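Number of protein chains: 2
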Amino acid sequence: MGDEKRFVMISSDCHAGAPPQVYREYLERKHWDLQSEFLESTKASQARLATTIDVFGVSKRQEWESLAEVEAGGIQGVWDPELRIRELDREGVGAEVIFPDGPNGNPTPFGVGFNRPRDQAPPELQAVGAHAHNRWLADFCATHPGRHAGVAIVMAYDIEGAVKEVEWARKTGLFGGVLLPNLHLWTDEPESFYHHPRYEPLWSVCEDLDMPIHTHTSSPHANYGDIPGSRWMMSIEGYWNANRLFPFLVWGGVLERHPGLKVVMTEAGGGTVPYLLWLFDRMARDRNPEAVREIMSLRPSEYWARQCYVGASPPSGRMEVESRDAIGVRNIMWGSDYPHLEGTWPRSHERIREMFAGVATDEVRLMVGGNAAAVYGFDMKMLRPIADRIGPTAKDLGLALVTAVN
Amino acid sequence: MGDEKRFVMISSDCHAGAPPQVYREYLERKHWDLQSEFLESTKASQARLATTIDVFGVSKRQEWESLAEVEAGGIQGVWDPELRIRELDREGVGAEVIFPDGPNGNPTPFGVGFNRPRDQAPPELQAVGAHAHNRWLADFCATHPGRHAGVAIVMAYDIEGAVKEVEWARKTGLFGGVLLPNLHLWTDEPESFYHHPRYEPLWSVCEDLDMPIHTHTSSPHANYGDIPGSRWMMSIEGYWNANRLFPFLVWGGVLERHPGLKVVMTEAGGGTVPYLLWLFDRMARDRNPEAVREIMSLRPSEYWARQCYVGASPPSGRMEVESRDAIGVRNIMWGSDYPHLEGTWPRSHERIREMFAGVATDEVRLMVGGNAAAVYGFDMKMLRPIADRIGPTAKDLGLALVTAVN
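Chains as they are written, first to last, in numbering that gives the first Met the number 0: chain A, 0 to 405; chain B, 0 to 405.
Next comes chain A alone, as it looks inside the complex (with noise of 0.2 Å):
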């Protein structure tokens, strides 16, 4: 039936937060007072960081700030749920992945998730704000089960309390599963390193548990200063820290002792993923083989293709759908991050148009849904319905030309 072309298109890359006092009741009351404080004392840092990462500019920002959309209140979603469905809705998106980071005065709770460690509070505080959101985002993701994959933030100081965090947040329907943060938040030495052997029980629990594990981009944990150039660095560092996971997870042998672990780098420039594999498929080769045999049975890019993700957002998007057959069709899911002003939201059609140009559409289909679905588990029988109602076909994702492959 004509329904059946209708997509299902599932977001890998979506934003939402509190407003402070929302966030207070997933507070215990005695960190009410240092959350207060932690937000007055980093009033300051936040302001600045706002300017100097003004990365779009004055007329941009107001030209989207102009759109229809964004003035009906759209953004709101970012902690309405009725108005993020209804954004949901109207962009034909039947589901999506939920990171933290919900702009316009939304901070989590002492600063976990995208800030630079200088902005975050000490690491048991920030254990503390990462479990009130990811309560906050439980109850926001249950408004519409099936739809809302929400992402646990998971401070990775402490690995017991990372693991039961794990448990936690699988049992109370957080599938969308663990949010880490980037390599050198904490330290030179080798604990804070994703191969170090300290991390395995966290690697286990996420396997046995179907939780993917990310890194997103974020903010670099240097202090490249308020001079000119500094606002791009920070964007452009912010990439490459989220891309050194893979690096970390297939020479440590993370891939190869985890099968089933799902590994996604969210908005991270995935159009460097083709240099990486075939850098460490020669360094596997040339570079003392008798070790790698010890630590890995396959070439890495073969643990890329069975287990690694890129979350494709602007601006990066395009360059990882022309760099498809390098990265893998099956290993690339398209991202709005709504409700950020770099996204395709609140044109997401427009956008996908431009980043699929040319693009047969089965393979369209997998990178804007069917990839995501495969690997979050999203029940595709409630889906179904949905995206037959609001789903877009492929000539309104100007796809109708392209010859399908298959």
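In short, the hints are calculated from the structure, not lab data.
Remember, it's a predicted structure, so these values are computed and weren't measured experimentally.
Even glycine gets a Cβ: it sits at the ideal position worked out from N, Cα and C.
Incorrect hints may appear among the rest.
[Stated by the list, open to error] Reference excerpt, derived from the structure (chain B facing chain A, CB under 10 Å, subset only):
(1) L38
(2) S40
(3) S44
(4) F192
(5) P227
(6) G251
(7) A283
(8) E341
(9) A373
Start from chain A and add chain B according to the hints.
Chain B alone, transformed into the frame defined by chain A:
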């Protein structure tokens, strides 16, 4: 005439360093004890490092060490100028660019150059060590004028001192230019990053004196620990760190202000350059174009094409060659990496055949020598007759069947 067809081969990546007793002659007497103490204190960490980064494996090392050319002592050309010129001639290499890092017990004084920061002496002694190495290198290069382009080590803590070192190096005949420490060598604060205005006098003197600036893969600053995977991660992260020079210079406006400054990233995994150029051009278009225009009048890829180069040594050389349309045929310079095990020496012709298989002869001619001649200003009138005597023909490099372009 037929000899005209012989290639002028110039290696953009070679290494030299002297034994401690030779370096001592280039240190002031007051530093002798400090250098002995430094050598003693780093002996353990050097040995541990040698184990940790034994990246090639026992069998490969044994195979390499049993090659006739290696057995014949060719590796001693790392400090013996006559053995070195014998090896250059035997391989048909007319000229070379020389970095520090002589293997086999020839550590640079006070650990400057490619050591991890934690295995280097304090900043003031690093400058002393750099100057001692540079003085030794100048004498070494003077043994065969025009064939060795020595690269001076320039520490960039103290910019006034750095400028003086560049002036001294140029005057003394080190026309290879300047080796800069990779980023993140010091702190995570703004003055560590190459887009900071404090470096401006250094860029000016390098531009004015036509001294190309370099980063080269080296040990990253982090301590990955003696755990599985670390030896490869050190290589991978070393590439990354060397490659970061370009983004900082382009986004900091350095390449706009210094159109004559030449920038070379050597043995740094240049296969990632096409991704960087794509991303940066897109960012310049989409991310605060008003602010971008205050920094640069060209697209990032145009600065690259005009003044940036890849020193293409194994293991990533083949990928750099495959990406030559995106990187630029005139922006790639082959390097033998003599006398490192991972390089093409002592079988450079054989390795060049692999690296350039299927590439048009005229393009190979640029990449194996022509480009380096232009970048470093080698005296081609002097090198032509040497190449007529020792240089390989297209047939020697397996290129006979490929149609030339232009």
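Quick rundown of the hints versus the structure:
no.	hint	verdict
1	L38	violated, 24 Å
2	S40	violated, 20 Å
3	S44	violated, 15 Å
4	F192	holds, 6 Å
5	P227	holds, 5 Å
6	G251	holds, 4 Å
7	A283	holds, 8 Å
8	E341	holds, 8 Å
9	A373	violated, 26 Å
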